[in-house]
Amino acid sequence: MFWKTEKTLGFPRSLGIVTASIAFSTNLQAKQIDWNKAESFFERTSRFWQMQDQSVQIVVLGSILIGISCGLIGSYVVTRRLSLFGDTLSHAVLPGIAIGFIWSQSKDNPALLIGAIIAGFLGVTCLTLLQKYTPIRQDSALGIVLSGFYAIGICLLTRIQKMEFGNQSGLESFLFGQASALSINDIWGIGITLAGIGLFVLATHKELLISGFDPSFARSIGIHTMLLQYGLWILLAFCIITSLQVIGVILASALLIIPAATASLLVKRMNAYLFLASLLGGIAGLSGTFLSFLGQGLPTGPLIVLVSTFLFLLVLGFRPKTGIFTHWNFSRTHSMRIKAENTLKALYHILESQNFEKTSITSQDLMQRVGIGRGDCDREVDLLIRMNLATQRSTKDSSKLPGQSLITLTPQGWEYACKIVRNHRLWELYLTNEAKYASDHVHEDAEKIEHVLGDQTIRQLERILSNPREDPHGKLIPSLDDIEHGGIKNKHAAEEGFRYSNPT
Amino acid sequence: MKAKPIEIHDLTVSFQKKPVLYGVDLEVEEGSLVGIIGPNGAGKSTLIKTIMNMITPNGGYVKIFGGNQKNGIKRIGYVPQRESVDWDFPVTVMDVILMGRYAHTRWFRKIGKSDRQVAQACLEQVDMTAFADRQIGNLSGGQQQRVFLARALAQDSSIYLMDEPFAGVDAVTEKTIISILKNMKKEGKTVVIVHHDLATAKEYFDHLLLLNMRKVAYGPINQVFTHELLQKTYGGKLTVFSEIASRAAKQPEIENKMQRSEN
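Protein chains in written order, with this note's numbering: chain A, 1 to 504; chain B, 1 to 263.
Calculated directly from the structure, the hints in this document are not laboratory data.
Bear in mind the structure is a predicted one, so any value in this text is a computation, not a measurement.
Hints may contain errors.
Said to hold, decoys possible - Quick look at which bits of chain A chain B covers, simulated, 3 or more residues with Cβ under 8 Å:
# : segment
1 : 93–100
2 : 201–210
3 : 216–222
Said to hold, decoys possible - Here are the simulated BS3-like pairs of lysine-lysine, each with C-alpha atoms no more than 27 Å apart in a straight line:
#  : chain 1 : residue 1 : chain 2 : residue 2
4  : A       : Lys-132   : A       : Lys-162
5  : A       : Lys-132   : B       : Lys-17
6  : B       : Lys-185   : B       : Lys-49
7  : B       : Lys-186   : B       : Lys-49
8  : B       : Lys-232   : B       : Lys-74
9  : B       : Lys-186   : B       : Lys-2
10 : B       : Lys-113   : B       : Lys-74
11 : B       : Lys-113   : A       : Lys-268
12 : A       : Lys-132   : B       : Lys-18
13 : B       : Lys-17    : B       : Lys-113
14 : B       : Lys-70    : A       : Lys-132
15 : A       : Lys-358   : A       : Lys-268
16 : B       : Lys-175   : B       : Lys-202
17 : A       : Lys-132   : B       : Lys-49
18 : B       : Lys-74    : B       : Lys-63
Note that CB positions come from ideal geometry on N, CA and C, so glycine has one too.
If we strip away everything but chain B, and leave its shape as in the complex, we get (with noise of 0.2 Å):
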């Protein structure tokens, strides 16, 4: 059997005792659209941050393609929430599409003509090309994310992970962003979405998976977007799960349980 682009084992992360994902299990399909949905403080950009090693986790393993996860994701095309980067920085638009590219040189190799077309391409996809020596603290949000989209797009990558890639955009970048996901499906590439819109959610994605600190349901869009598992999802019953499960998090054995899942 072929192994899974991402797989998640019992994946437990907390910040400061405080629990944001507890004991999470996902395996997502290669080649799905896989939108993650939650309510806020779900822990939805963390398994993003996780799964990309930022965030060591206290418990659990990810899996890239069944291997180890540090060489796995180089695999990875990483498209990070907007404001996580500084934009007053001096670079122009080309620059940063290029950077994707540097996934695929080495040190000291300079970045060649194939490289130079291939941004330009990308570019071209996400209709930024008049923009290309633009410096990137001129641009509107919608620019911004299509500017990071043109990037994840010259990796060339096998799975994409993207952190609310359509926060703050404009409805015609929302859809050049949509089409452009189709279009990378069609390719075979695994797409994993944070998303915060349920009303979109259903036409965007073909898997979702809903999360808030724990897995409540992964699967394809028909049978898991129910009115009962969002309900279970956004509703009232696991707002007391996570508060016994801070408390409890507080207590000095489930500490000790959780620094030996570490080791």
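The following block holds chain A by itself, in its conformation from the complex (with noise of 0.2 Å):
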């Protein structure tokens, strides 16, 4: 349920934030990694690349280090469907936050990290009574505890910046994150936590899959379900917390949702999904932090997660059989083939209504039959010689109108025209004869079912049927003996060397 609403919901909004954010970052200054006007787009790309530059070794290190634990951590968060749970816990720890710098008056102090923890504890701990003791639906109740708790933040925040040491605290930097301010001492911090989601991970692996995908017989084998769902609600805690320095509290739900979100479209296994979320997450760090140092005004965290949410749209329109895209080109491709198909049997429905006399047809008679304007019919045509179907010359005699032309058949498109006819027909026949449709029902059904008849449904139907050679019209089906060996040109048109006469 919490998925859905993300996916309606979520996006939009982190969208939103991101904008918001990359809006804001003008006024809170100094947001990436100093800044030399001379150098050119090249020369910043290499020494980013070269990272002999401490500060940007750092930030490197730590925004991919967060983007894997975040993705890790994430892939949990979202098959158990917490997406918005980890939102609100994001939002909840920025009141203690606020309290923990009062309390020590600077901001590299662990007094701030253990007001998020004990925030944090808070915040869930609001929740679950509220779910408990109140007939409130979990997602009013994560919603309220989210905006609660982020109001109080955002207020004692303010009161912080009229205090006289509050001024250059430099703490909005929690709100939309900064990562050019990140010390060696947060690397730690994050790298414990990376530490610290592994081995919960690989310790637990079986347990958590059990748990996530059915609690109750979890529990009946003996499986401390609310154990592992504590374990990774502080693992959780600690991840959202050592990444605000870097993304910022509004936005670090969305590196914990995006990258896994991404994985499960692509993956059916945890195994996959954990180590592809992880990947996605540790390119978007590295990928953000490169885009953020291109350019003056380039926040961090923002960009990470704009990297996440376009990963995220490339796999959703680019990925295997169902992707946006992927569907897409194949009904292009697909409905191609079935217009060229439909040219074909029209061409060779001309030439059958002229007994097979002549060898080209002129465009005045495809346009009758098919009943099309002189546009649409150019049209077709030149798909089919695009398809190397047919070839069309202009003609020299003067008795035609102006502008008309003649088109031929190749080999191949003889062929394939004998070949869908041939399909048309047998349906028909079958759908007659075997399913007892009246004979002026059958043209319909026929015209779809041509186009996706195999060639093992044909040869069954043949079978079937019992080599039928006219449909219920009345009419010659053209024979595989026909198509390949050029029954009906020889027939018609042995005298006058027609054109389709194979190369054998």
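Quick one: dock chain against chain with the hints and give me the complex.
As structure tokens, then:
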């Protein structure tokens, strides 16, 4: 259920916040690593990838590690449908950070971490109490806790900025993230969190898998599901708190959700899921940092989130089978094929109506037969020419209308046309003989089916109908023999050197 | 005397002050194939879940093989209702069946080759070998139910509790399931099944529990599957009882009594 809400509500919201953060970042100054105006784009790129600056090293390392831990823990958040829970937890830690700051009057102090943990714990407690003792549904309860705690946090932050020690506090970096302010100590925190998550996942992998899929079954075989859940929550809290410095409170949950959601589109097993989500998180961390390094006023956190949103959209569009673009491309080529097949069939019908006496068809005949104008006709013939199924030449004959052309099928085109007509007529015959359709009902159906009948089905139909020669309307069904050895053409076109002759 | 696989004594369960089960006693013999029958809301699933310790009763107790319920449920293979799990979860059919083997492995231990062989055999029994690598979301309802059954088989328990395994499955799957159940019985396992179809109950089970908040009757099928008893389970007489019981439960003194029995 949460995942569904996230799908409809989370992404637009995240995007809105990203835009807002980028807009705000100009006010928040120095959001990225030191900037040298004289440098060109390429110099800057190479300076980034050489990674000789210690500040660059720290930010890159931090972002990648955060991406990996968020991907790992996010896989559990998304598969357990806790997306909103992650969001709530990340907002709930804000008042704790503010109080920790007031207590210690400095930004680099364990008091902030302790405050954040306590606030996160209080948030979860409030949530549990709301669910246990009120009839309020889970999503509403999450919304209440999220906004309530966040509001307290904002009030405290505003107060702090009015205090004398709060002026240069840079506390708003916890709101929007400030990667350039990462210190070695932060990296240690991030690294230890990742190690903790890694160990936890390794040690309890199968228990987490069972309790995620079927908690009541897990309990029945003696797995302590609550213990696992608390473990996940604690690690989730640490993951969020350590990533605040880079991503910020508001966007922290995006990095939990988006890489894992992307992975969910691609894989069917948990191991692959974990691997892919952490890989995507790491890539987003690296690329986001790189992009923010390229220009002035480009905040790292929101860019990391944007990169991972971009990766999500990419996968959504191009994943095999069900991707939006993949599907669109398939149906486009599919409908093009059907169009070509219909034109071929019309050409065959014209040839047939002339008892196969002529080798080419005038565009006038085709236009009349299909009932289309000059433009459409040209387009369809062009399609056939591009597919190497037909050739076209303009007529020199002055008795014909100007701009007329003669269309001639290539051997492949001829074979293809026979095949389609054959599919159509076999299917009609099958419907009337075996499925007892009335003969005036079968044409519509065969119009669709002819394009999807495979060779194997055709053989089968032939066997069932014992190699018929005529369709229900008394027309010849061009048989495999006719197609392969040119049965029809030999009969009609031998004397005028029919162009559809086989090379053999 | 050997201890009974499942022994239930004076079990009372209520949801938000509304009793669902009221003073139920039950002793299931080893090796019997028991069907639980009753109208909607009779407490059939609740009874199963209470035995599995997923619901805490207001009164009474459950014993498994004469011992403590909490340890006892590890000897029970539980097949929940199909809707109770998330079928979009990233696991394959084989993963789910291997979960049945986890009951036999300890923390930090890996699933071994023998476990995989057992799982493979279970998969074969339910006729799902071809689907081993399929993600569970891409299965039909009947196939999902077979997967659950195979997981239970892989558990190799002495007792099986199944919550409506026949719900929404086709005739072929139903036949597969019932033949597996008969096999289990032959191996001396005790199987208890929540069932909702009176028409097939008589041929599927050898014991029947007629339940409608109270135990109406329990015994061998030919003694219990009578017109009179079924009428009593599904008919009007007991609706009056359930109405009065829920009205009474809202009154303070009975609630106190319930709380006392909980303590």
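Practice item. Taking the numbered hints from earlier one at a time, note which ones the structure violates and give those numbers from smallest to largest. Key: 1, 4, 8, 13 and 15
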